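Asks: The task is simple: from the sequences and hints, build the whole structure.
Spelled out from the first residue to the last, the chains are:
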Amino acid sequence: MSRIQRLFEGLQGKRAALIAYVTAGDPSPAVTPSIVWALERGGADLIELGVPFSDPIADGPVIQRGSERALKAGVNVSKTLEIAREIRQKSTIPILLFSYLNPLLRYGFARLAQDAAAAGVDGVLLTDLSVEEAEEHLPALRAAGLDTVFLAAPTSPPERLRLVAKYSTGFIYLVSRTGVTGEQSSLSDAAGPLVAAMRGETSLPLALGFGISTPEQAAQVARLADGVVIGSAFVRVIEQHPDDAPAAIEAFARPIAVAIGSSKS
Amino acid sequence: MISSQPDSRGHFGPYGGRYVPEVLMAPLETLQKAYEEARVDPSFQAELKDLLANFAGRPTPLYYCRRLSEQLGGARIYLKREDLLHTGAHKINNCLGQVLVARRMGKHRIIAETGAGQHGVATATVCALFGLDCTVYMGEEDMRRQRLNVFRMGLLGAKVVGVSAGSKTLKDAVSEAMRDWVTNVSTTHYLLGSALGAHPYPMMVRDFHRVIGDEARAQILERENRLPDRVFACVGGGSNAIGMFHAFVPDSGVRLIGVEAGGRSAALGEHAARFSGGSPGVLHGAYSYLLQDDDGQVSLTHSISAGLDYALIGPEHAWLHDQGRAEYVNATDTAALEGATRLTRTEGIIPALESAHAVAEAIKQAPGAAGETFLVCLSGRGDKDMDIYRENLPNV
Numbered sequence: 001m002s003r004i005q006r007l008f009e010g011l012q013g014k015r016a017a018l019i020a021y022v023t024a025g026d027p028s029p030a031v032t033p034s035i036v037w038a039l040e041r042g043g044a045d046l047i048e049l050g051v052p053f054s055d056p057i058a059d060g061p062v063i064q065r066g067s068e069r070a071l072k073a074g075v076n077v078s079k080t081l082e083i084a085r086e087i088r089q090k091s092t093i094p095i096l097l098f099s100y101l102n103p104l105l106r107y108g109f110a111r112l113a114q115d116a117a118a119a120g121v122d123g124v125l126l127t128d129l130s131v132e133e134a135e136e137h138l139p140a141l142r143a144a145g146l147d148t149v150f151l152a153a154p155t156s157p158p159e160r161l162r163l164v165a166k167y168s169t170g171f172i173y174l175v176s177r178t179g180v181t182g183e184q185s186s187l188s189d190a191a192g193p194l195v196a197a198m199r200g201e202t203s204l205p206l207a208l209g210f211g212i213s214t215p216e217q218a219a220q221v222a223r224l225a226d227g228v229v230i231g232s233a234f235v236r237v238i239e240q241h242p243d244d245a246p247a248a249i250e251a252f253a254r255p256i257a258v259a260i261g262s263s264k265s
Numbered sequence: 001m002i003s004s005q006p007d008s009r010g011h012f013g014p015y016g017g018r019y020v021p022e023v024l025m026a027p028l029e030t031l032q033k034a035y036e037e038a039r040v041d042p043s044f045q046a047e048l049k050d051l052l053a054n055f056a057g058r059p060t061p062l063y064y065c066r067r068l069s070e071q072l073g074g075a076r077i078y079l080k081r082e083d084l085l086h087t088g089a090h091k092i093n094n095c096l097g098q099v100l101v102a103r104r105m106g107k108h109r110i111i112a113e114t115g116a117g118q119h120g121v122a123t124a125t126v127c128a129l130f131g132l133d134c135t136v137y138m139g140e141e142d143m144r145r146q147r148l149n150v151f152r153m154g155l156l157g158a159k160v161v162g163v164s165a166g167s168k169t170l171k172d173a174v175s176e177a178m179r180d181w182v183t184n185v186s187t188t189h190y191l192l193g194s195a196l197g198a199h200p201y202p203m204m205v206r207d208f209h210r211v212i213g214d215e216a217r218a219q220i221l222e223r224e225n226r227l228p229d230r231v232f233a234c235v236g237g238g239s240n241a242i243g244m245f246h247a248f249v250p251d252s253g254v255r256l257i258g259v260e261a262g263g264r265s266a267a268l269g270e271h272a273a274r275f276s277g278g279s280p281g282v283l284h285g286a287y288s289y290l291l292q293d294d295d296g297q298v299s300l301t302h303s304i305s306a307g308l309d310y311a312l313i314g315p316e317h318a319w320l321h322d323q324g325r326a327e328y329v330n331a332t333d334t335a336a337l338e339g340a341t342r343l344t345r346t347e348g349i350i351p352a353l354e355s356a357h358a359v360a361e362a363i364k365q366a367p368g369a370a371g372e373t374f375l376v377c378l379s380g381r382g383d384k385d386m387d388i389y390r391e392n393l394p395n396v
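Line order of the protein sequences matches chains A and B. Note that our numbering has the first sequence beginning at 1, numbered continuously upward. Note that our numbering has the second sequence beginning at 1, numbered continuously upward.
Hints listed in this document are in silico derivations from the structure and should not be mistaken for laboratory results. Among the clues, some could well be false.
Computed list of lysine-lysine pairs in DSS-like fashion (alpha-carbon distance at most 27 Å, straight line) [what the hints assert, rightly or not]: (1) A/166 - A/14; (2) A/72 - B/168; (3) A/14 - A/90; (4) B/49 - B/33; (5) A/166 - B/33; (6) A/90 - A/79.
Chain B residues, not near chain A, derived (Cβ > 10 Å throughout) [claimed, not checked]: (7) 13; (8) 36; (9) 39; (10) 44; (11) 48; (12) 106; (13) 214; (14) 227; (15) 268; (16) 335; (17) 345; (18) 350; (19) 389; (20) 392.
Owing to the predicted nature of the structure, the values given are computational and were not obtained by experimental measurement. The beta carbon of each residue, even a glycine, is placed where N, CA and C say it ideally should be.
Replies: Listed below in structure tokens is the structure:
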């Protein structure tokens, strides 16, 4: 059983998981491990570690800027895996590699699968890789013991939800609304029906993301889903605290963790 | 025989496909279905044909360049005059087709990206014609280079949104248009302007431009009583080229020559020559030859012509290239300017800088091709490029 699967199994019936996205190397490769450790202290249960990409079409301005900072700091797939390895030296928190397809294509999937597993990565999610196009890459990832997480969206009809369920392992990431990543003032009306429709297709844990930034929203999502994903709000904290990002992000995470019952303090 | 239809998932050989966030997968399937229904609907085809003839100005002439051919002393050079279409370039063919598909789908808002502004102007034009809300994304660098087209779009009632990310050119405009589409997909049709992006766009855009090659093939057979020996077209995303080439793909004796932007030099970042400088990768939904660095980050590109300034080549071109059915070369900024000047002074035709790349390559190859017939797609006219011509040709 993978770390991701163990996490959700352990939380089942108790509370939702807090899933935090950060871009590897934002604001610098040296600081990212400390940010992840701080997130864990603040109550995060799983880390989505983003590979920066030059053309992040699914991301809003906050994560775009985070990606630009990481690229300026020279981060690529190899550096991201080095960062994962460093995180792993002091933590057993599950790590999901979060990327656009092209950097991984260039790195090579067979090599990536081996190197990611060796670095302590537990799974892979590719923003712009549909289940249809993923088929050829899955065997390499699965053989290395990596979970493959796919996205489902409010626009996905039942037959696509079935496909997403069929190809996903670990959990399924539900996109709460049509749009790019970024904080919103309220949870989309599409979220509830999407969770319900997906429950009808799978027994895998469901995490809900896109637009969640406050403890109140997190608590609302935690009542619906098995995981609450927060990305842009954390990346914004990093942007606003270039010199003390770990302390700031731990302080930001804690009330969110309390709201969903995952606080470790 | 090379198949010219993609497989059911939009692959031309290994290229093309549908590499987009899940939010867009179902809308792309819906678009594909709407297009496939429209394609075989006689009333759709009749309406499109009427608009192409009476609104856009088809068929466009096939013009024999007598003085230019005589001066070069080799091939007989013909131009397919897409520059004479309404709005000044071939782009209107695709815009009319897609706006009719959008109307069938009940979409009342249209978004588009534009590089040189020709596709933006054509999109704004069809939106004015059909009374649709129109937003065009354009890189800020391109807005500076193509001020006249920015004003034309505004005059037509479109909202032009400047994009300040990355190189501030076409690639960044496409990214921003895709972000808008992801957000507003239920009300909005993304009127993509080249043979790029996720399936069905490369197939659909090509089909709407097929008329270029179909007309030109019939016209040259009538005039010369034979097929051309070489066909030239510039290739950014590659819509005018694929529209021109398509009719000739089965004619194995006809050489198909795509001309990419050679820019300032062969160094990465200084050009948009994807075959000589790139390798297969994914950008904006399609797998094709891509200018990228060793880490899989998309490279910046440069061309004097905003319309060729893009990091990925349309996927069907990648397939024609790998099959050896089409050849791809590149022309530098300087060669394009020289070609444009020569065509202007010998034939009285000022080409768009994009089209000038195809003209330059034909001029280069003509002297060594005595007895041959060349067909060049003159995809657009040069009015939009006057500022750039003026900057680069100070002695005029």
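Asks: Compare the structure with each hint and give your call.
Replies: Do the hints match the structure? See the list:
1. A/166 - A/14: 26 Å, holds
2. A/72 - B/168: Given pair residue 72 of chain A, residue 168 of chain B holds - Cα atoms ~17 Å apart, limit 27 Å.
3. A/14 - A/90: 26 Å, holds
4. B/49 - B/33: The hint holds at about 21 Å.
5. A/166 - B/33: Cα-Cα ~25 Å, so holds.
6. A/90 - A/79: Status holds; Cα separation ~18 Å.
7. 13: 14 Å, holds
8. 36: About 18 Å separates residue 36 of chain B from the closest Cβ of chain A, which puts it past 10 Å; holds.
9. 39: Nearest chain A Cβ is 22 Å from residue 39 of chain B, so the label holds.
10. 44: 25 Å, holds
11. 48: 28 Å, holds
12. 106: 16 Å, holds
13. 214: 32 Å, holds
14. 227: About 38 Å separates residue 227 of chain B from the closest Cβ of chain A, which puts it past 10 Å; holds.
15. 268: 13 Å, holds
16. 335: About 29 Å separates residue 335 of chain B from the closest Cβ of chain A, which puts it past 10 Å; holds.
17. 345: The claim holds: residue 345 of chain B sits with its nearest Cβ about 41 Å from chain A, beyond 10 Å.
18. 350: 34 Å, holds
19. 389: Fine: 31 Å to the nearest Cβ keeps residue 389 of chain B off the interface.
20. 392: 29 Å, holds
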